[in-house]
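Residue numbers (the working numbering), protein chains in the order written: chain A, 766 to 1050; chain B, 766 to 1050; chain C, 766 to 1050; chain D, 766 to 1050; chain E, 766 to 1050; chain F, 766 to 1050.
None of these hints come from the bench; they were simulated from the model. There could be a bad hint or two in this list.
Each pair may be met inside one copy or between any two copies, as identical chains are not told apart.
27 Å max Cα-Cα, derived DSS-like pairs, lysine-lysine [stated by the list, open to error]: (1) K818 / K939; (2) K965 / K899; (3) K965 / K939; (4) K965 / K1005; (5) K1005 / K939; (6) K1005 / K899; (7) K818 / K899; (8) K818 / K1005; (9) K818 / K965; (10) K939 / K893; (11) K939 / K899.
Number of protein chains: 6
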Amino acid sequence: MPDRSLLRPPHPLLLEPIVRRALEEDLGRAGDITSELVIPPERNAAARLVARKPGTIAGLNVAQAAFHLVDPALAFRFEIQDGDEANAGTGLATVEGPARSILSAERVALNFVGHLSGIATVTANLVKAVAGTKARIVCTRKTTPGLRLLEKYAVRCGGGFNHRFGLDDAVLIKDNHIVAAGGIAHAVARARAGLGHMAKIEVEADSLEQLREALQLSVDTVLLDNMAIAELRHAVELSKGRAVLEASGNVALDTVRAVAETGVDYISSGAITHSAPNLDVALDF
Amino acid sequence: MPDRSLLRPPHPLLLEPIVRRALEEDLGRAGDITSELVIPPERNAAARLVARKPGTIAGLNVAQAAFHLVDPALAFRFEIQDGDEANAGTGLATVEGPARSILSAERVALNFVGHLSGIATVTANLVKAVAGTKARIVCTRKTTPGLRLLEKYAVRCGGGFNHRFGLDDAVLIKDNHIVAAGGIAHAVARARAGLGHMAKIEVEADSLEQLREALQLSVDTVLLDNMAIAELRHAVELSKGRAVLEASGNVALDTVRAVAETGVDYISSGAITHSAPNLDVALDF
Amino acid sequence: MPDRSLLRPPHPLLLEPIVRRALEEDLGRAGDITSELVIPPERNAAARLVARKPGTIAGLNVAQAAFHLVDPALAFRFEIQDGDEANAGTGLATVEGPARSILSAERVALNFVGHLSGIATVTANLVKAVAGTKARIVCTRKTTPGLRLLEKYAVRCGGGFNHRFGLDDAVLIKDNHIVAAGGIAHAVARARAGLGHMAKIEVEADSLEQLREALQLSVDTVLLDNMAIAELRHAVELSKGRAVLEASGNVALDTVRAVAETGVDYISSGAITHSAPNLDVALDF
Amino acid sequence: MPDRSLLRPPHPLLLEPIVRRALEEDLGRAGDITSELVIPPERNAAARLVARKPGTIAGLNVAQAAFHLVDPALAFRFEIQDGDEANAGTGLATVEGPARSILSAERVALNFVGHLSGIATVTANLVKAVAGTKARIVCTRKTTPGLRLLEKYAVRCGGGFNHRFGLDDAVLIKDNHIVAAGGIAHAVARARAGLGHMAKIEVEADSLEQLREALQLSVDTVLLDNMAIAELRHAVELSKGRAVLEASGNVALDTVRAVAETGVDYISSGAITHSAPNLDVALDF
Amino acid sequence: MPDRSLLRPPHPLLLEPIVRRALEEDLGRAGDITSELVIPPERNAAARLVARKPGTIAGLNVAQAAFHLVDPALAFRFEIQDGDEANAGTGLATVEGPARSILSAERVALNFVGHLSGIATVTANLVKAVAGTKARIVCTRKTTPGLRLLEKYAVRCGGGFNHRFGLDDAVLIKDNHIVAAGGIAHAVARARAGLGHMAKIEVEADSLEQLREALQLSVDTVLLDNMAIAELRHAVELSKGRAVLEASGNVALDTVRAVAETGVDYISSGAITHSAPNLDVALDF
Amino acid sequence: MPDRSLLRPPHPLLLEPIVRRALEEDLGRAGDITSELVIPPERNAAARLVARKPGTIAGLNVAQAAFHLVDPALAFRFEIQDGDEANAGTGLATVEGPARSILSAERVALNFVGHLSGIATVTANLVKAVAGTKARIVCTRKTTPGLRLLEKYAVRCGGGFNHRFGLDDAVLIKDNHIVAAGGIAHAVARARAGLGHMAKIEVEADSLEQLREALQLSVDTVLLDNMAIAELRHAVELSKGRAVLEASGNVALDTVRAVAETGVDYISSGAITHSAPNLDVALDF
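Taking the hints into account, I'd like the entire structure generated from these sequences.
Written out as structure tokens, the structure is:
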């Protein structure tokens, strides 16, 4: 479980428009016609968000926002916190108030919690697999369109770290940039000439030769792309701590420890955000 | 492969705001600082969207929209169509023009195509598994917040069908509604009293007893939730075609055919939208 | 007066953006310069929404939203409810608080209540005219751009029912679709092939011949367009309850009962939304 | 017919968001499912906007925007211009291109043209009724929420003039302002003290006594509210041209000429915008 | 110091979207990462907005909105009011509550108060310089894009008045319009033919000849552009009060009194909005 | 003049919404009533953007966007480029096409170019003043709300560099953070524990003592706030290149060279964005 005080849940000002859009998508033009026709407005209910499968939880604050946007009169109480692990059957939170409102917000709230907890769970598994090494698990820009803020947060809930939030955060010079720019040295020189002092530069290296070139240029980070374990070990020796080393490429639960044990600093994975299966979470009345 | 003339790709008026938002999320405040610093504006390039793994493709039109929104000067050509199957290595489309623009749009385009093709692929596998039965595979409202339009389309690309797009599309009376309303009969009566003639009514039945009650009320569809195969077979016999029957609950690739062979009309699955792993698609220069 | 528990007032999440846009339209760039210059900020007032002409009321909740968005400190109290009938002089609601705020919101609130009550009143008149028959009055997509949600609600306040909310709600195959598709049978077959199980199909019939064809195809609803009374009666006999029958075309207060007495199920009217005169409602201080 | 060069059609930058919102309202989440399922994408069609009833036309440019937003490939050709009069059967414009696109935009285009032409027609009737007098017909802020720009334009198409576009355009001190401010003189003094030199001041007068007071204060315009014909004539004599005189209150087609002949400068009517019946316009294929 | 009851602070409905956009611009995708990482959530603080340099204050209500949008739990208390003068060291307001929230909103709040107080201060200096004459200082449309509402308010806080808020407020016929229209007389005639009675007409005159022409046409206001002092004096004599006279062109603190003493009614300055240096305001903890 | 290939003009996808909002602010509800009434639609014109005072130009692409958004038929041709210096009288660009459209866009285009060129000019003056030293001039977050993207670009046009674009770009631990966190060491440790590898850490130091502490913690950058020249020189000696040094605090044209000669790496200034006077630019017909 990550240090909860470092999780940085999304600020309400950034979170609410995302949740509002999801609710509007579900309510459509006419709203929740079933609940409004079938359930008397004065009927109250109490319900509980419950994990059906074990996993690491993320997104309870998003669920809270969904319930409150649908009806400020709903009382939402956390039973555990984002970043906590749940077993099958663990209660996550309770919500009480008008039954119609609970049912109108239910699916959106569950869609968020299931999706984000899925990401947190897959991340947490990788984090546990590398425990004891210095390697940190880090996500990429391979996120679901429109949900990057929340998915990056879910990665943190799973104990992972965040790479760039977008194209404007830091410079990452990949193979295609190098080719188009006419070589690593030229690309790095141009980035240095144009950037201010608070943006870092990372260069992708597909070979030890490219790593050497990058190290000579004193870049902040080198992305070691799709290297074999032996090659990664070599890279760590070559680097001698002069650059932060990030290993990437088809990282899986059964291979990640070997990568970590090569001594790299960061292991990045697109799959933790783009292929994490939903965690099964339900709302019990 | 589904009948392509029935796919109904999202109308540009509905698609473009979603793609624009994804691009804004990636460009951030300052834009693609790497490409703009490192690549001369006059440099052109040609690239190809290629499947790295086999699967059913969805979202090429979304990729096209991403490239065109970033730069109307980019030429995008389809090599195959949404709904087609690709092998590892199959070229999906080509894009040509300013190298900067291709690189600025690349990640967003790939995030969409990978995500939607993942959904289409998982759907297509279920559809193939029930081939020869009358059962249709259908998605649910368990979609990624903000992407429902596109995910429903990806399901169609995989040969599946769509259930409700939202809470306002049709009436679906679930167990919690029944409890809060005071019984199935009362709930259905209220829905009939308030609805117009173009909205259908579906009722969830957890037991054959509830199915009988629903059939007596002449509802359009009954959702058979989490029933065993034998129970489903029973339900089909009971119904005698009086209602459309939809089976739901933990549908998986190895169990779906048995469900289909019970004779139900529809099999709904949340997993095809909320837990489909990304299809590995890359942009080769 | 319709069963008030079936009215389904628009959800605040859907209502507020519409009211906010109307207020922004009226406040412009500089706000209510008259009230802000002329009335001291501490001056309070009490005012009453009053019907100047008799009619069926709709939109009091919209007025409430307008006053609250302008100033959360305004106290709004309902004297009657949406769907109720008012005489000339009937008090509808009271609002109390800062005089400036009441005056700044007044026109927008009245524009909504007058417009929606106009629709409710015209609808209620048609509903009363067909009382005792089984025919229901139903609106169309001929609504004022941007106000469909509210106008459909006003129709319900008048005792009417709602047809489709938009092009994506249900399939309605009109004459032009039939021509372009190459016949009714082909059009219906294509709709069935592509649609899920929760969307209904309606077909327009301009003659009894077309009605017969539609009945053979077991469509859900047939739209009998511009048929004479005798022809409608014939259609009801032909149908024998196999399809829901909807009569449309130049429905007026003095002709609607004859249409209803033919035995059709629904009578649709564009005029109740697009040509209803405003109900005269004022704010008395 | 008004001088067409003075009509000032809405600037595309202001018009397009309104039309886009109306199209999104109609397309909903899933788009035009009927046309997309039933009509082959390559099918072309030609259609003609035709007036079914005689009237003054407004909104053809809005219809054009609707067709172009749905499909830039549609060719739209004007047969007459906004502000022209049409007979029953007059062709207004033609549109050619993909049949699906024409059908998807049809209803929104017709809703705009029917609504705005209705307003233009009612206005034109009042304008003709006062022909030969110096009185100008002018609209109010009693417009349909969200459509003020277009409705004010429709009034101009009918030969009328526009009053304030909103609360920030000019100062209009009504009876409630006068009471809250503590008298006309004080209210006008405050407005003068706070306003710049380009905003005009109008004061409502319910009696000749109030008119006298307003004239002494040299306000730009006096609103003569609900005065009888004799009183209006008196007011014109009293004013001697010192203020612009605007008569308001229950202006109707059979009473407006008498009002105009009293010699007032402007006659304002809320009904021309809030109660104009739709002009029947259709799209013939 | 202007009469505070005439200041008309921006209505919250108009103000909040501007402040929200500024906060979103600063928070970016990931929010205030420094405060969220470094400061415990339960840490409270008290801070004070303090002027570092003397000036006229504007925008305290904007700062309040910024703090409240970031965190409704922050308590904001005014120590002085917009329109008041502050010395170096004067406390303007205090804010208390969660330290994180204060720091997250600080820069946006200061950017607004510093910018608007800069405008108020420069305006107040001009206003003082012309004290005792009848001339009023008035701003133009030369405002910072996106901030016109607030900058016009800041001008009022400095004791100035507002000209047009935009192109649709009033007619201002400049030299280029006159040339394109074919002369002043024609331009004014067309404006009169198309405008309603509540919009004023101003004409730019670069020479006394043009002034004479404008006076003959009885326009409301004449803009005397870049005239020398002697010429302005002449213009005032010529006009004899028949039109409001507005002098414009390179108005500076050391020249403005001479302009005012010519007897013109208004002196307009673009510099008070587009070139006012920021007033140094800080937040002391 | 900066290396123009490093300027990175704002991407159209990010630029256009800002320009559109400015145009909407100026057009208001009714549009450019003067031009539309006074100038015939078919009248064409040619105009030239001309500098009235010498300066460094920024924002010609923004002006181009303004003209094109108002009317795609306008032809805009650059005579010089952003980042170039202009003398009084230098032509910057020409625009040709419908006279109405040129006049409708004129003010917004000029407001942008004048504002941004003002910033570029003030920046360029500082850059020239430190020529020959290694110090780079860098802006801050003290920008005009809503215009940060453009103002940061204008700084680059003047030869300056950009600091953080917002609170989420990099960690900047200021005095208040240090106090609230309980010391520099603790604050830096928490930032390191929570941040990924691509974000830099800067710490504010008000004394050499604090600088020493920061250097021991190996932070990337130290902000030397309001230090005297001698103290800055001392700081450079202490640092020995271990951290990037940024000097800030009341940087002015006559003091900046002395600061630069101390050997610091960056000199940051809020005044270049928040207090730069507008550069006088006009549109000559």
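*Given identical chains, is K939 near K899, meaning Cα to Cα at most 27 Å, within a copy, between copies, both, or neither?*
For K939 and K899, the Cα distance is within 27 Å only inside one copy (25 Å; across copies 29 Å).
_Checking an output row: K818 and K899, CA cutoff 27 Å. Within, between, both or neither?_
neither (30 Å within a copy, 32 Å between copies)
*27 Å Cα cut-off: does K965 pair with K899 within a copy, between copies, both or neither?*
Result: close both inside a copy and across copies, 21 Å intra and 20 Å inter.
*Indicate which option fits the pair K965, K1005 if close means a Cα-Cα distance not exceeding 27 Å: within, between, both or neither.*
Cα proximity of K965 and K1005: in one copy and across copies (19 Å, 21 Å).
*asked:* One pair to classify: K818 and K939, alpha carbons no more than 27 Å apart. Within, between, both, or neither?
replied: Between. Shortest inter-copy distance 22 Å satisfies the 27 Å Cα cut-off; intra-copy 39 Å does not.
*Should K965 paired with K939 be assigned to within, between, both, or neither, using CA atoms and 27 Å as the limit?*
both (14 Å within a copy, 21 Å between copies)
*Is it within, between, both or neither when you check K1005 against K939 at 27 Å Cα-Cα?*
within (22 Å within a copy, 33 Å between copies)
_As a check of your reading, is K939 near K893 (CA-CA no more than 27 Å) within one copy, between copies, both or neither?_
Neither. Shortest intra-copy (29 Å) and inter-copy (35 Å) distances fail the 27 Å Cα cut-off.
*State whether the alpha carbon distance between K818 and K965 is at most 27 Å within one copy, between copies, both, or neither.*
neither (40 Å within a copy, 33 Å between copies)
*Same-copy or cross-copy closeness of K818 to K1005 [CA-CA at most 27 Å]*: So K818 and K1005 fail the 27 Å test inside a copy (43 Å) and across (37 Å) alike.
_As a check of your reading, is K1005 near K899 (CA-CA no more than 27 Å) within one copy, between copies, both or neither?_
For K1005 and K899, only the intra-copy Cα distance (15 Å) is at most 27 Å; the inter-copy one is 30 Å.
Comparing the model with each numbered hint stated earlier shows that hints 7, 8, 9 and 10 do not hold.
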